[in-house]
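Colleague: So the sequences go chain by chain: A and B. Just so we're aligned, residue 1 is where the first sequence starts under the UniProt record's numbering, counting upward by one. Just so we're aligned, residue 1 is where the second sequence starts under the UniProt record's numbering, counting upward by one.
Calculated directly from the structure, the hints in this document are not laboratory data. All C-beta atoms in this analysis are idealised placements derived from N, C-alpha and C, irrespective of residue type, glycine included. Where hints are given, some of them may not hold.
Unchecked claim - Facing chain A, according to a computed beta carbon distance under 7 Å, are these residues of chain B, among others:
| no. | residue |
| --- | --- |
| 1 | Val197 |
| 2 | Ser198 |
| 3 | Phe201 |
| 4 | His202 |
| 5 | Pro203 |
| 6 | Ala207 |
| 7 | Asp208 |
| 8 | Thr211 |
| 9 | Gly220 |
| 10 | Ala231 |
| 11 | Glu241 |
| 12 | Ala242 |
| 13 | Leu243 |
| 14 | Asn254 |
| 15 | Gly324 |
| 16 | Asp327 |
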Amino acid sequence: MDPVFLGQLLLNGIVIGLIYGLIATGLTLQFGILHIVNFAHGEVLMVAMYAMAALLPLFGGDFFVAFAVLVVLASAVSLLAARGLLAALATGGDGGGIFEKSLLLTLGVSIVLVNGVQQLFTSNPQMATTSFGYGAFALGEIRLTYAHALASVVAVVTFGALFWFLLRTNAGRALRAVAQNREAALMIGLDPTRVARRAVAVSLVLSAVAGAVLVPIIVFQPTVGQTLLLKAFAVVVIGGMGNIGGAVAVALGLGVLESLVGGFADIVWQNAVAFVAMIAVLAMRPQGLFAAAIRKG
Amino acid sequence: MMKKTFGASFLAVVLAAGPAMAQEAVQIGVSAPLTGPVAHGGEHEMRGIRLAVEEINAKGGVLGKPIALTVEDNQCNPSVSVTVANKLIEDGVVAIIGAQCSSAVLAAMPVVQKAGVPLVSGIATSPSITEKAGIGGNPWVFRLNPSDRELAVADVNYLASLGSVKRVAIVAESTDYGRGGAEAFAKAAEAKGIEVVSTDFHPLGAADFTTILTRLGRSGAQAIALYQAPADRANFVRQKEALGVKAALTGKLNFAGEAHEKLLADGAFDQAVTAFPYAPEVDTPANKAFVAKLVAKYGETSQYESFAGYEEVYVLAAAIERAGTPDRAAVRAALTKTSYASMLGGTITFDDHDQAHNKAVISRVDGSKVTVVDVFSTN
Chain A
1 MDPVFLGQLL
11 LNGIVIGLIY
21 GLIATGLTLQ
31 FGILHIVNFA
41 HGEVLMVAMY
51 AMAALLPLFG
61 GDFFVAFAVL
71 VVLASAVSLL
81 AARGLLAALA
91 TGGDGGGIFE
101 KSLLLTLGVS
111 IVLVNGVQQL
121 FTSNPQMATT
131 SFGYGAFALG
141 EIRLTYAHAL
151 ASVVAVVTFG
161 ALFWFLLRTN
171 AGRALRAVAQ
181 NREAALMIGL
191 DPTRVARRAV
201 AVSLVLSAVA
211 GAVLVPIIVF
221 QPTVGQTLLL
231 KAFAVVVIGG
241 MGNIGGAVAV
251 ALGLGVLESL
261 VGGFADIVWQ
271 NAVAFVAMIA
281 VLAMRPQGLF
291 AAAIRKG
Chain B
1 MMKKTFGASF
11 LAVVLAAGPA
21 MAQEAVQIGV
31 SAPLTGPVAH
41 GGEHEMRGIR
51 LAVEEINAKG
61 GVLGKPIALT
71 VEDNQCNPSV
81 SVTVANKLIE
91 DGVVAIIGAQ
101 CSSAVLAAMP
111 VVQKAGVPLV
121 SGIATSPSIT
131 EKAGIGGNPW
141 VFRLNPSDRE
151 LAVADVNYLA
161 SLGSVKRVAI
171 VAESTDYGRG
181 GAEAFAKAAE
191 AKGIEVVSTD
201 FHPLGAADFT
211 TILTRLGRSG
221 AQAIALYQAP
231 ADRANFVRQK
241 EALGVKAALT
251 GKLNFAGEAH
261 EKLLADGAFD
271 QAVTAFPYAP
281 EVDTPANKAF
291 VAKLVAKYGE
301 TSQYESFAGY
311 EEVYVLAAAI
321 ERAGTPDRAA
331 VRAALTKTSY
341 ASMLGGTITF
351 DDHDQAHNKA
361 VISRVDGSKV
371 TVVDVFSTN
């Protein structure tokens, strides 16, 4: 086997996997805390891409400055959006049916965002020029474009920050406590609504970060979030819904597997990998590969 | 009592107005992808369609009545395309313009045949539309643009005349368009002794092409023939440039639209050669005037879809006028006798398969500049 070809495929797969991971962790975080499925999660990424494309020219194409501004903006908007989402889910008062409500609500938000952006910016494919251009690192004969390298570094740093937040800070511990047992968390004085708001905001920022790092790599249009979101759903289901570590691991594995399948078999099969794996997992281990043991009694 | 009288008279007004309103305008249906992965194509087609309708209506319309459009979104999806065709037929349109994507046209063809409604298609390029239309097949479908078979032959002939390309890889979307184009290119290449080293089909709307590009970079292909929707093609070309894959581009390419213009300026299309149904650069007075009108109205140059939308309306309006009645069968019969002077300099007439043989354009790119090599007649 040709080591350069294999190396290039593995490297491509890892980069794609890390990007899947950024989208999937946000999705699984929302499910873990709120037990909701967010169909508008891909549109958060899409809006972030348009925002990034609008910000870049303001800073002379400097990715890092634009990225920093985007993260600040996204954090502010996400906090507001999270407050709005939770308020909308809480209407009706009975407290039940939050899952069904989330499906309809987020699907509606997704439709409004896709068509709203299309109205404002047309559906023409957009390409944002960044300071990276078409440059690439050469590791022997293996190439890693600056844009892919940057996406990987940002993803790894983001995952590091996310795990540090979840494992080492009180806010993170509160988040995990609510995910584990909402009633018990309430009893020890945690406010589940506040925690949920924080979790939703964090997950929206994760999606915005994914959008930002994709800007130098892909050309985009209003529907860009939808195909990526489908993959992220598969990752979340395979990894165990609500399991963040599982989502990251599965996303990486899926990226590498897709790359190898595409490299050595027909490209058509590349897209099927995620969904075949999802069906297999649902049939044999419906709680997901990385689901924690369920404590009984 | 008062209320009841009001209600009854209101109903009477509505009943009286209904048929009268329907007679006031000639209804033309449009099935186009207004959302989804090729929404930009639908948007550009609508620009051409609306411009043509405005011009015709300003001059008094057809049959002394204005044209009214009923526009429906087919999402470039074959099953939605069937629903849209049925809906437009229910709405009583005289004829349908559409459906842009080859898969969407092929899906709508049996529907319009069953209902007896003319379908004018000016964008979809799959060769199987010609095979299924006209003599011995579906007499209700008329195609204005050349198919991918004719374009691929012209493209390959030009490529072969350059002498530098002996090995080609094909990358196409996994749709009727992509598969039809790939097959047509492979056949044309074989006839000219050019070897096809690989053929890859990817889903429509794919964003990541690193795997295909990694393989192609090592395949020894001197050129890559593309049959992709514009957004996918822009992604492919951008990533090809970044990964440093050196093969020249060919197949079905155009260079209009913001993303493609940036790629062109960055040199990502250099050495590209293509046969395409249209190029805004074509130097005929009619095309120059059309491009100027579009730029004035939308601030953007004409794309293939805008050009096609404009000619679709004019060809159909002329047929309705010749038929002398908005009757669907009469319009179909009138369409078969079409003789329309295209902006590209050719004359649109339909053959036995209701396929027109408009001119098409061979372009090449050198140093970020598009040059029209030839505007040739397809046959």
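Colleague: Please go over all the hints and tell whether each is borne out by the structure.
Modeller: Status of each hint after checking the structure:
no. : hint   : verdict
1   : Val197 : 14 Å, violated
2   : Ser198 : 10 Å, violated
3   : Phe201 : 5 Å, holds
4   : His202 : 5 Å, holds
5   : Pro203 : 5 Å, holds
6   : Ala207 : 5 Å, holds
7   : Asp208 : 6 Å, holds
8   : Thr211 : 4 Å, holds
9   : Gly220 : 13 Å, violated
10  : Ala231 : 4 Å, holds
11  : Glu241 : 5 Å, holds
12  : Ala242 : 4 Å, holds
13  : Leu243 : 6 Å, holds
14  : Asn254 : 12 Å, violated
15  : Gly324 : 39 Å, violated
16  : Asp327 : 36 Å, violated
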